[in-house]
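Q: Below, each chain spelled out in residue letters.
Protein chains: 2
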Amino acid sequence: MTGKNAFYAQSGGVTSVINASACGLIETARKHKKHINKVYAGRNGIIGALAEDLIDTSKESASAIAALRHTPGGAFGSCRYKLKGLDESRAQYERLIEVFKAHDIGYFFYNGGGDSMDTAHKVSQIGKKLGYPITCVGVPKTVDNDLPFTDTCPGFGSVAKYVAISTKEAALDVQSMCATSTKVFILEVMGRHAGWIAAAGGLAGQGSAEPPHIILFPEVPFNAKAFYARVKECVTKYGYCVIVVSEGARYKDGRFLAESTTKDAFGHAQLGGVAPVLANMIKDKLGYKFHYAVADYLQRAARHIASKTDVNQAYAMGKAAVEFAIKGNNAVMPIIKRTSDKPYRWKVDSAQLSKVANKEKMMPKKFISKDGFGITKACRTYLEPLIKGEDYPPYKNGLPIYVQLKNIAVKKKLKNDFKI
Amino acid sequence: MTGKNAFYAQSGGVTSVINASACGLIETARKHKKHINKVYAGRNGIIGALAEDLIDTSKESASAIAALRHTPGGAFGSCRYKLKGLDESRAQYERLIEVFKAHDIGYFFYNGGGDSMDTAHKVSQIGKKLGYPITCVGVPKTVDNDLPFTDTCPGFGSVAKYVAISTKEAALDVQSMCATSTKVFILEVMGRHAGWIAAAGGLAGQGSAEPPHIILFPEVPFNAKAFYARVKECVTKYGYCVIVVSEGARYKDGRFLAESTTKDAFGHAQLGGVAPVLANMIKDKLGYKFHYAVADYLQRAARHIASKTDVNQAYAMGKAAVEFAIKGNNAVMPIIKRTSDKPYRWKVDSAQLSKVANKEKMMPKKFISKDGFGITKACRTYLEPLIKGEDYPPYKNGLPIYVQLKNIAVKKKLKNDFKI
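Note that the protein sequences, when read in sequence, are chains A and B.
For reference, each letter of the first sequence is one residue, going 0 to 419 in numbering that gives the first Met the number 0.
For reference, each letter of the second sequence is one residue, going 0 to 419 in numbering that gives the first Met the number 0.
Derived by calculation from the structure, the hints in this document are not laboratory data.
Take the hints with a grain of salt, since some may be wrong.
With a cut-off of at most 25 Å between alpha-carbon atoms, the simulated DSS-like pairs for lysine-lysine come out as follows [unchecked claim]: (1) K387/A x K395/B; (2) K395/A x K32/B; (3) K100/B x K32/B; (4) K395/A x K376/B; (5) K360/B x K336/B; (6) K288/A x K100/B; (7) K336/B x K358/B; (8) K83/A x K288/B; (9) K405/A x K32/A.
Okay, the calculated bits of chain B under chain A, using three or more residues with CB under 8 Å as the criterion [unchecked claim]: (10) 116-125; (11) 295-307.
It should be emphasised that the depicted structure is a prediction, and the values quoted were computed from it without experimental measurement.
Note that CB positions come from ideal geometry on N, CA and C, so glycine has one too.
Let's have the full structure, built from the sequences with the hints guiding it.
A: Structure representation (structure tokens):
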């Protein structure tokens, strides 16, 4: 006897370890045939469910699934698509039920961030509200590190490691060049609402003399005067200044620094990001030669330097999701619970989706130094274990061996299309 | 009996492996006390010689010197400072001799690119022309890969590896997102005159369907019409388009694409780089959502993912420089000579500085595909071995352990200062 099929989808921006969660989930499901027959993945996330475009993961070899553990990106495709409430979007939920029924799907696993946990929560209610019983478990993922309850979000630790290492490396470069050339280096990182990723840059050095000398957080209103003073102080004292800036850095009135830029010939704002804006401000005011980097997707795709802690946690979340589901736990999300800082110890726990949905975990004030330009010891204690350990992918001819799955579609059973 | 002292300096933009050359040079010198007493490094390159600001590397432990092999940046500081000809800048050369005499320096090692080899060549002539005999050996280094005679330049292989891996990883990200979000991803890389680094992005995929779909080289005049057509074709066929662009990409008339940008309120050109310019062009013409990254210093500092081949070659160049010098070879530069493609085999050879100086090695035409947007098989055969092998630094608490030397100054012997 085998169980019902499971639906799994990746949602929102991907990470370098979201496939490690998929790996944990599929490998664990394969060990519990009695409860879960096949895992069908949505092609391009929830859109795959609405379009009845399901991927039969049982067609993938054990080694291909194992390779997901070290492959970045979203192996089945992700999407930015938010389901509204049951009342507003009844047709969509009814379509989901139609597809789930047609493919004998009894489990719904949704791998994403805050919005996705909201969707997962809504789907968990269709048993009661629309009469289709389904066990629904969220799988946490987001580089933004903003899900509540969990110690951290899979995906964040690896971005944090990438940003800390990149800051450290680029700082050595500018330090070498500063006598006659570049004096200021700016690294722009992700984080529109919260400064978690920028904070990770702070791990590159200790004390005010070591780079990064300045971190700009979305949580701290930008103070141009204090900023210029600190840049000048660093160049004078240390010969150079390294800055990590969150894309969400903003003025007191909420305007993003990245917006304070000129319009092009068509009246569009120049989409230069915050780094070039800051660089030009420094050039104009202080005259220093600068360089800047924009990490963008590189930071969240950099599986080559993923955090081992993060990879292990991502895998554990996928595994736990299946274990919760086969115990019949509906409307939950596995979380990471920290039980000790030094040494870092954690265990798997769970949170109710109803409590997780649409709640953002912001950086605590005590994590940002008094001058607003750095991280505190408390922040360091929190962040350090998350970047610990390396988990190198296998290489061939100098390049990582990342898997591309066959992604064979499950034969459609429904006659009608559904307009997305 | 011990020999004369040696002067070593790092010059121009640093790389993730220039310190590996320093390591090879210092370790080898330490084995030949009979010929070379101490290695004095110039603090901030040649400026250290002119200012009599010498670093006594004999004060560094064997383990600190060994750690240079895996530490990026320039451990003694570098500079952008070009010595003019002997006739034009006689005072500078006389000052060099004054400092060399005062510190019993009989060897001059200069670690840099084309300009630096020109300087090294000029210094090699001061024996004949100014009566101060010195053995002068250049040590090749440049991420630009544009030195002649040598198969490749230490520093390039590691940037190439970083760019190839980053392209591959970011491509998996955008491939996951393209159904509902980002359709175009652009990675801006270094290379103002030659497209070597951009070409390395091409190693990320094979064939026209695999990313990167477009590479923009400085060697190929930008053709907007063909470019838009290819971007559109990729998005239509594959769902997304990945572009690697050299900072030196330019129009037929020589103008850089990066210049074709608007002025800010002060009339300054917006310093946005080429990636945002391209991104906005695509947005305006084709309407696709985009992301872009600017790798900047990250690419040439990324020791965490250096090429093992590159590290070995960088070390070998430093070692060979000493071996040439103690044999009395003046005015030479060690080079890498490729003896076989598959398997890649190379040996150390030498070139005359007089022939190396101020000569740029451009990408051969046969390395760029007919449509101008990709690399050929010949290019791949050349590039592939250069990124081969990983050479991970040691880690502690999730971060690479990079060494900061003590850099203790040699006591000054001269009374007079010299205006740089």
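Q: For every hint, state whether the structure bears it out.
A: Here is how each hint holds up against the structure:
no.: 1; hint: K387/A x K395/B; verdict: holds, 8 Å
no.: 2; hint: K395/A x K32/B; verdict: violated, 42 Å
no.: 3; hint: K100/B x K32/B; verdict: holds, 19 Å
no.: 4; hint: K395/A x K376/B; verdict: holds, 18 Å
no.: 5; hint: K360/B x K336/B; verdict: holds, 15 Å
no.: 6; hint: K288/A x K100/B; verdict: violated, 35 Å
no.: 7; hint: K336/B x K358/B; verdict: holds, 18 Å
no.: 8; hint: K83/A x K288/B; verdict: holds, 23 Å
no.: 9; hint: K405/A x K32/A; verdict: holds, 22 Å
no.: 10; hint: 116-125; verdict: violated (count 0)
no.: 11; hint: 295-307; verdict: holds (count 10)
Checked against the numbered hints given earlier, the structure breaks hints 2, 6 and 10 and satisfies all the rest.
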